[in-house]
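**Student:** Just need the whole structure built from these sequences, with the hints factored in.
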Amino acid sequence: MRSAVVSFVLLAVGCGASFQVAPVVVADRPRPAAVAPTTGAPIPTVMPTGSAPIVTLPEIVEKRLSNGIRVLLLPRHEYPIVDFSFVMLRGAADAPPGFANVWLEAATTSTPDLSPVAMFTWLRARGAVAHRSTGYEYCSFGVKVVTPLLRQTLDVAAQALLSASIPDTAVPRATRHHSASVISARNAPDSIAYAALVAALYPADHVYSHTVVGEDIHPSRSELEAFSRRTIDASHLAFVAAGDFDPESLTERLEATLGKLPRAESKRAEIPSVPARKRRAIVITRGRDPQVQVTLGFLAPPAADADRAALHVTSLALNDVTRRALRLVDGATYGTFLFESTRSGPAPILIRAALEPERAPQALDDLWHTVDQLRAGPPSDEVARLRDRAIALFPARFGDVSSARVSLEGLAAMALPTTEPAAELEALRKVGPEDVKRVAEKYMNEDSLQLVVVGEPRATASLESHLEYRAASSVTAPPR
Amino acid sequence: MGLKIAWGAVALSFAACEPARSPGGVRISIPSNATKFSLSNGLEVVLNEDHRAPFVALNLRYHVGGKDDPVEHAGLAHLYEHLMFCGSAHVARDDFLPTLDRLGARAHNGTTTRDYTEYFETVPANALDEALWLEADRMQTAVDHFDEATLAREKQIVDNEEKLKVENSALGNVSTFIAAALYPPGHPYRHLPMGTPETLRGVTLEDLHAFHDRYYGADNATLVLVGDFDSGVARRLIESYFGPAAPSKAPPPARRVAAVTASATKRIRVNAAVPYGAVRVTWPLPVPGQPGFYESWAGLTLAGWTVDSRAVERKLAESVSASFAPGRLSTTGEIRAVLAPGASADAFVELVSDVIHALSNATRLTYLPDLRSSVIGADVFLQEDLYARASRTQFYDEAYGDPNHVMPELRALDALESSRVIDAYGSLLAMDRALVTVVVADPQAPLAGAEAP
Chain A
1 MRSAVVSFVL LAVGCGASFQ VAPVVVADRP RPAAVAPTTG APIPTVMPTG SAPIVTLPEI
61 VEKRLSNGIR VLLLPRHEYP IVDFSFVMLR GAADAPPGFA NVWLEAATTS TPDLSPVAMF
121 TWLRARGAVA HRSTGYEYCS FGVKVVTPLL RQTLDVAAQA LLSASIPDTA VPRATRHHSA
181 SVISARNAPD SIAYAALVAA LYPADHVYSH TVVGEDIHPS RSELEAFSRR TIDASHLAFV
241 AAGDFDPESL TERLEATLGK LPRAESKRAE IPSVPARKRR AIVITRGRDP QVQVTLGFLA
301 PPAADADRAA LHVTSLALND VTRRALRLVD GATYGTFLFE STRSGPAPIL IRAALEPERA
361 PQALDDLWHT VDQLRAGPPS DEVARLRDRA IALFPARFGD VSSARVSLEG LAAMALPTTE
421 PAAELEALRK VGPEDVKRVA EKYMNEDSLQ LVVVGEPRAT ASLESHLEYR AASSVTAPPR
Chain B
1 MGLKIAWGAV ALSFAACEPA RSPGGVRISI PSNATKFSLS NGLEVVLNED HRAPFVALNL
61 RYHVGGKDDP VEHAGLAHLY EHLMFCGSAH VARDDFLPTL DRLGARAHNG TTTRDYTEYF
121 ETVPANALDE ALWLEADRMQ TAVDHFDEAT LAREKQIVDN EEKLKVENSA LGNVSTFIAA
181 ALYPPGHPYR HLPMGTPETL RGVTLEDLHA FHDRYYGADN ATLVLVGDFD SGVARRLIES
241 YFGPAAPSKA PPPARRVAAV TASATKRIRV NAAVPYGAVR VTWPLPVPGQ PGFYESWAGL
301 TLAGWTVDSR AVERKLAESV SASFAPGRLS TTGEIRAVLA PGASADAFVE LVSDVIHALS
361 NATRLTYLPD LRSSVIGADV FLQEDLYARA SRTQFYDEAY GDPNHVMPEL RALDALESSR
421 VIDAYGSLLA MDRALVTVVV ADPQAPLAGA EAP
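Residue numbers (the working numbering), protein chains in the order written: chain A, 1 to 480; chain B, 1 to 453.
Don't read these hints as lab results, they were simulated from the structure. It is possible that part of the hints are untrue.
[Said to hold, decoys possible] Heads up, simulated SDA-like pairs for lysine to any residue below, C-alpha to C-alpha not over 20 Å straight-line:
#1 A:LYS430 to B:ARG102
#2 B:LYS315 to A:ARG176
#3 B:LYS155 to B:LYS165
#4 B:LYS165 to A:GLU356
#5 B:LYS36 to A:ARG31
#6 B:LYS36 to A:VAL35
#7 B:LYS155 to A:GLU356
**Tutor:** Right, here's the structure in full:
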């Protein structure tokens, strides 16, 4: 340690001795002595121009087990790490709100030999990290682990997934964790706004009309096991892995583990289309909020749609313009943009910002102006820059094993071919200004934009004139 | 250079350790090849090549943070960080982040902690030249372009950030109350880096210039690059762009701060409009490099695990977690619990006390090997994330003067003896050194919490 004066007195006096702390001092980092600028030449006044990015995509290995289970593998050997997932092609869209979230934890935290606590301890002793993700149309469960412990970890994870029964202890544990997520969501302004926006974008009976976290429900063990029986079969399962492994031997192991799993006849229901929604403003009052949370949303097409590449570039433009308008002009804490790629139906695109109440009316106007600008069509050089940026960022999807695993999960969940990333990249390269204008007009249609405002009553009341200005109707919902 | 560590099914070990400690052990390798040099202006540079993906993570750490805020202007370091994004001699006003966007940067931002301020970005490898130029340009010229309008705007943005992260956040005030109770008056960690509208309102451009002269020279900064670059090329670029940067004009006076070994206050109560009560037990602990640092880390983590399983089993808590935040002037260790409905805070505190007492009288620590495995797993995984690795490299360099300290750290953990960790329970982690914070659910109180008299 380079601290000038750092000391701690340690008195070890045999068995039972303690760390004895004497009055000492700690200090700031010392500066180097006798320093001066290295060169007399000032920094160049113009930013250098770098070379064009080299964009390469990794080769994904696809296998099929004898029962048809799809296996997507991305071997890479720089680090002795593997991140793998079992991808179940059922999710929040296939059950009551909140059910899939509870099920995923209850069904994957124990094996016939390891209780939830024992399995947690077993993984911890190996430095492994389990991960679970609930989506609308899929759930995933997997582990990130060092390569030498892959085989035994894979076996334990598979046992957890394939065991027919869910132990009694796993149910209250999963329900408790789920309840905590629900309570947290009900207390955070951005989560409150998101739930309201989702409810506004979709009809009440649509499977996307509730958030993935959903409601605070307490399903029984038998209900959870019934969902397992409908979900854990060869027709609804895929496997993905990225990292340091041999594809052939891993596939052999998977064949031994999953290859005998029977296929089921059932076929999942199509995600229903979303009828056009009239634009709406929803005001949610929450006492004593010092900020106003503004969220604007509209629907984007599903994964693999022909418009996705153009919307991707449009999203970057929206993000940039929003950041400028909302942060720099209106002092918003943030403006964000979300673009989902793991739904077979239309998913929301959001802009949101937390604002001081007195700045909120102006920010709303700026937000509308931003949308208008994009619909009018951004300059071609700006589109070219955004397109190049999207292309430069593309390899980050496979930049580390966990990013790669998540990307593979998306391909598996949406049943997309392994050539999809290359096709998407190629489509991105072709995006021009007219494409951005077209998709902005098509999807950021003023008639379908939904707006949610969360704040204390006086602040939201001051926004009424601005909501009336653009919104067809205004609905006041009680705080949750 | 790849250093080897051994990994066992229930324990891990290094080649030099006794084989009995790693039955069935396997070997893995963590690359640890950072090189370090200094420019004559005092700028420290650490280069760590990693060619797996065509990206480079830049992390420029100025060794100034909340601990260096003037007493009357808590939050000044954080406000200064905001202004560093507002333009410089050769980058137009507010064009810094958009320029990085155009380069394809991701994870680009800044952060201000108690000890340091970091500016970071991960850029495509082809954009390293531009990114280095951007950082060098703002190091050398940003302060000359601060103006009244920008200062006023950024104060307002910081105010709004405080509202989001503190005022309008469940238990957002609790960390502020804990810092004020844990450290004695005058201690640099007694306030949080965020600042408040009251402490920042009076900040002037002169204050910012004085702050710059003292803390924003090249000799008070460390640049770390991790990723896909050639060290020779990077070094030439760094020398060219950062070479002209001036060292600090007015080095701060040498400061000596009494080490905090026990909380200044023993118990506080906070009322907050949250659904459930909560408890935090917080200890001031040794800093990296001091005796007891690893023992208190291990001891706190193991105590957290034990408290977690017992509290959930007895329906005292919904969840329990332990955190360990090393600092230059003091490390903070904490066990946090969200209480179960109807559970008593006193019963939870008693449980923590019982666990600490029981562990201090234990003859061995069953889960110490698990802890080693967890830490090694986390360290191995972290090597993969360029941004996280760059920040961790800064920590190792700052704390130990060695950017490759990952392996010595793992060796230190591997060498930890149960008896030494048990000793820590009776001394560093004794309950009479801790601060107990009890959060009472109160629908009438602010969401962020209000300290009860």
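**Student:** Taking the earlier hints as the rules, which of them does this structure contradict?
**Tutor:** none
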